[in-house]
Structure formats: structure tokens, C-alpha cells
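So the protein lines, in turn, are chains A and B. In our numbering, each number is its position in the first sequence, counted from 1, plus 1036. In our numbering, each number is its position in the second sequence, counted from 1, plus 2.
A portion of the hints provided could be inaccurate.
Said to hold, decoys possible - Dumping the calculated SDA-like pairs for lysine to any residue here, alpha-carbon to alpha-carbon at most 25 Å:
(1) B:136 with B:106
(2) B:63 with A:1278
(3) A:1266 with B:151
By construction, these hints were calculated from the structure, which means they are not laboratory data.
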Amino acid sequence: MNRRELMIKAFKGMVLTGLLPHFSSCLKSGEEKEFLFQLNDKDFNYVQLNLYGGPVRWAFDNFLKPLDENKFIPTKMVGGSFKDSDGDVELNLIKLFGYNVPDFWGLKMKSGVSHSSMLNNMLTIRGIDIKVAGHPHGIINTVRPDSTKPSIQGLISDHSKSPLPSIVFGSNPATRSYHADVRGGLIVPLTEKNLLEVILEPFVLAEEKTLFGRKNKKEKVLQEVLGNLKELKGVDDKYVNELYGSLDLFIDNIEPFLEEYLDILSKYEKLIKSNIRNFDGLGMEKLALKVLDKKGLAEKKTEKEWGRYKIDYQTYLRGDNLEEMLENADLGYLPNQFACTEFLLKRGLSNSLMLSTPNEMGSYIYNCNNQSNVLQKSFSEGRVIPVKDKLTTIQMDSHNTGTIMQMIASFMFYKGLVPCLDRLKTELRSVPVENKTLFDKTLIHLCSEFERIPNDDESGTEHNHRSHTSSFISGSIKKFQICGNIRIGNNETGTIGTTGYVDQLGRHAAPTDVYQSVAEIIGVKSPIPRAEALMKWDGDEIVTNLKELKNVEGVSC
Amino acid sequence: MLRILIFFLISFRLFAQDYDEIKGNVISRPERFASRYFIRNTLIEIFGKEASEVIDKNYFKAGKQVGGPCDIYEQVYHDHDKMVDPTRECPGGKPASKFPMFPDSNILRSSHMMKTCYELVYKGPFAKRLLREKKFEETLSQSFYPYGGDEKLKGILKKSLLSKDEEERRKALLTYCLSPGWQTL
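Chain A on its own, in the form it takes in the complex (with noise of 0.2 Å):
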């Protein structure tokens, strides 16, 4: 046998037995390039989940009465599970780590890991007054207060070496805000179908196998032109100098980096799937609600009889099939946003995000059923019909979201959210930076513009934009912290997180001290005068600046 025949023949052997890929894959190994990029010694990675649409949080983050001699009113709709069958809540708090929290933070996730892992690093802001009314201002003034300065992502990723500028997630006024003076930004809409495709698409010169490849034929000319250019401009000039951090970037072969975020994206939505359905400590075993017939409904005079029963405007939940309705129910874009900042972050390729919502419509859940769960109430005409159409969706935006629905969607959102932060905390935690973690290099930024006053009758919640809470997550923030002041309120609206005036400050605390805190911990100098930076490093830990945590004497709005 000849050496072409034996050769012939061992790749034959290779087809037949399926070992021809992994053959190929070892001859390739040496040639890919690694696309991983060391996160700059002096940078910070900064990822804002913005959760644009006002989301209810007392049962979350917005702590209301984390210390014993803060004065707590309680009140309609402000609860983390059910208290009976009429569906009445109530906001039951355990201690943990010397704050008293809702009791949401002693579940456990579906791994036997609970909720209050997420606390030992995590650091609460509560009570900022953001002033202004309606949804895209104040977003506005979350992420970009001083509307002549970058929005805090842009200034982050202004100051960065990160090989890509910061990358935003989402279409809506969250993410309409960006704006930075230097690098740009990537908006990546969350209609695309391959988040992260639309992110390295430019960086593939397709069917170009030998670009990176031994031969190094076109890297070598692509290198020449390059120095052409530089002898032209100089070694100073910005665009040389990007034409070279593209060059850097360049992919032969987008499909590895695909298929491995498919991956990582697969395992959010189980981690989300397997959370979200279930219900343990929300008390749903104890509803038993009025079914609503076409008859029932027409009959009822008044919002406050049927108002919690309301989904969406004009909208009710019949009250016999929940668990039917909620059968499909996923959280939409958001395994796709955490798989993508995943891959981004432990690549090191950008170090400034927004996970955000796809529209002016942020929603707790979507693919809801509700072939045969909701009736319609026509008030034009009185009269009253099943719905037709497929609602999809319960808004975080809830004006005509009543209590039932409101605490169950707020319930699985939450529910599938926290593991998510889990997983990313434990993979941040597996990348090594010198003698820390990437985690330890990380700042979690969980916001929203602002916080909700629930209605009297029950039917939904209206915006209350004299509360904003901010949370934040690092693996450098070592001990669980809750900070900041909100009013007591009265018999009427109850204890809901208004802001208080801080003594400390001399003022309410305020949107520009928030984003003066991100720049404090990031470590870039914050445009923005005379705004006061909340949180500080202490050595290698992240601590609070504010030391009050009371609730003052006020109503709530």
C-alpha cells in the first residue's frame, strides 16, 4: 500500500466511524483565533438592567421597612403573597442579614440555592425623587440626568478599552437616552432574531478562512495598509487607530462564538422555565375566585367589585383557569439579553450594557393564553364579550393590571429574574482578574424609572414618580446594605416608598447622585456638578456614602 492510498484509506476510516469532524476541529484548533480580551486593569464592567415600564418592587427591592423602628401603614396592593380566597395581599418580612425583607428572599431558587445568596452582594438605594412625570422622562432623567453630558453608559464606555463601545439592548426611551461623546454605542433592537450575530456580524470577513489562518496572508496585507495609513495620519489618529481595534476583531468564523451563545441562551430559558411555575410562597393554594361569566360581570356596578380582577384595559380574568392561562407564559427577551451579556462580558468584548425591553411596552411575562380566560367589558355599549384576540402579554405598566394578576406576573418575573442574576454572578465569578473575579469587577445596576401608587379600588396601579429605587450588585459589594429615606404616608395610601428628605444631604436624594455613585464606583470623573456620590469604595469594598434608613413623616403623594 502506497502512502495516497493509506491516506485514502484513513479518511474513509474517518467518515465511517464520525471522526472526520473532531479530525478536522484538532487541525483547526491551533489556527482559530482565542477572541478573548483581558478586561482593562483600570476599567469596570457596568451593566444596567433597566426595567423600562414602571414595575411594582415592594415585594422585591424596594424595601419598605428594613429596619424594626421604621413606621410601616400598610395598604392595598403592596403585598408578596395571597392572604386568602378573595385574593386580599399582604407583605409579610423575615430578617435577614440585620434588615427586615419580604419574604420573597427566603425562597429557594430550583437548585436549593435561595433568593438571599443574591443579598450578601447586593447594595439597595431607595427613596430618589426623580421629579418628573411619565415614562420616557423619567427614564431620561435615570439614565442620562444632564441631558448636555452622556448618558452614564456612554461616559463608561467614553473612558473604556474595551475592544467594543457599549452595547444597549432594546428599543424604548431607556435606550433612546444613550448617548456618549467618544466611542458611539450598539443599539441592538430586540426584534433580531441572533443577538449576539447582530454584534459580530461586521467583525466576519465571510469565506475568508485564511485571514487568521497559518498562511496569515491577508492579515500580513491588511497589516501593510494599515501602516500606510498610519505613516499618512500618524500614530495619534482616532480612526487609524480604530481601523487597527477592527482588525483586532476580525473573526474568520462567526459559527463556534454562535453556537456557543445558543448554548449559554438555551440554558437561561430552562433556568426561567424551571423557576417561573412555581408558585410556592405566593399563597395562590389559598385563591378561590369568583368565576366571571358574561352575566356576572354586566351585573357588578363598580370597579371596586371587580377592579382586581382586571388583565389589561377593559379586560378580566375569569378566574377558573389560571393556571391554564399561565401554561405557556416565558419572559420574553430576557434569557436572550442575559445569554448575550454573558458572552460579552466574560469575552471581554464590551464593558458597558443595557438590558433593557423590546418596546415602550415592558412586560412581567408574555404568551400568556387566554383563548378562553378573559371576558371583555364594552362600556360604550354595556354590553359583554369573551375575548378574541390573543393577549399576549401583562404589562409592567400596570394602570389596569388589579392585584391578582399584578402579584402573580410580579411573582414569576421575579422568580425567573433571580436566577438569571445567579447564574451570571456564579459564571462572573469563574473568570479570574489578577487576584480577583470578573464579579468583583462587575457593578449590577437594577433600575427602573420609577415606582407605582396602587389604586383604591384595586384595579391597577398609577406611576409614582417621587420613588425610585436603585439596586446594585458586585461581587465587590461584601455585605447586604439598604440605604436612603421614604415617607411613612398615611391611612389613605400607606407606606409605599415615596421619597423622604435626607438630612444628610440636605435635600431629597435625586437621579444625579445615582449616576454620580455609578461614576464613583466605576472610577471616571462624573460631568455632573454638584450631585453627591452615594456609594464609595471602601479598600476593595463598596459601601454605602449614605448612612440614612428612615421612614419620615409624609404622605406618600
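Given chain A, put chain B in place with the hints provided.
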């Protein structure tokens, strides 16, 4: 009177010197890149209409990064659903009308530019005509810099521009395509 005038002139000069020291006596202006419409049209003129697919796919569609808002009032349809000029269409709706008029230089714009030029020069038949030109140097210069401004570039690329070797010429063409001079306003 004369004393006052001399005093005024001296103090004015001193003030101007101070100002020079603070501000620097060279006026600098940041480079302003042209919008995607200008880049697209120029590259089509140079590489031919057949190249429009490569340009649109790799450069034009990234309007947010490469600049050039669409004009929603300029859309003209024929046969009800076909645009007279599809590049004037606002893909994705209204947001495309808010793309920046002049893009900031950023790594994404640079990568789009590099990918486009690379594909035009090294893939497909788009560069063939240019590479075969007898007066290669002159054609290249006239195509990218019809009003001059490429003298220094010509000096740097002298060897490649005068060469008959296709690979050398490709390098020169790619350098011209990527050079910022013709892309800026």
C-alpha cells in the same frame, strides 16, 4: 494720546499671548465623516453598480453607526409597494430618520468600512477594471480624490502605484479605499 495707544497695543499683545498659551495657537478641527449616502454613492461610482450589494450589506444598512438619516418625506413609491429609490426608505420605521447626520468616528464604523473595502478589493470582480487601468495611479487618485488632497498618500504608495503587479495594486487600492481623506467633509 500716543502713550495711551502704545499702552493699549502692548496690553492687547500681552493678552493675546496669554490666550495663545492657554488655547494653543493652532486651530484644530475634528474630522467630520460623511454620511452613508455619500460613501455609498462614491464607492458605487468607483467600483460599479454591481458593488451596491456588498456596500449595502456591509455599510449602508448600519445607518446608526455610519450616519445618514433617511428622509421620511422623500419616499416615493411606484407600483404601490416599490420604492423609486430604496436607499431613501426608512428601514425599521421612524428611528432611521433620527440617525446622526455626521457619524462620530468609532470602532464599529471603522469595522464596517474595513469589511466593505476589503470585500470590494479582494472578493468578486468589482476591482478588476481598476486594477487593469494603464494609468492606475491617475485613475485611483481621480476616483477617490477628484479635487486633490492625496499628494502625501501618493508619495507613500509610490512603489505600489507604479507597479504592474496585481497584488501590489490591490494593496494600493485598499489603502485608498480606507484612507480617511475622501470620507471626510
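How the hints compare with the structure:
1. B:136 with B:106: With Cα atoms ~37 Å apart, residue 136 of chain B and residue 106 of chain B exceed 25 Å; violated.
2. B:63 with A:1278: holds, 20 Å
3. A:1266 with B:151: holds, 17 Å
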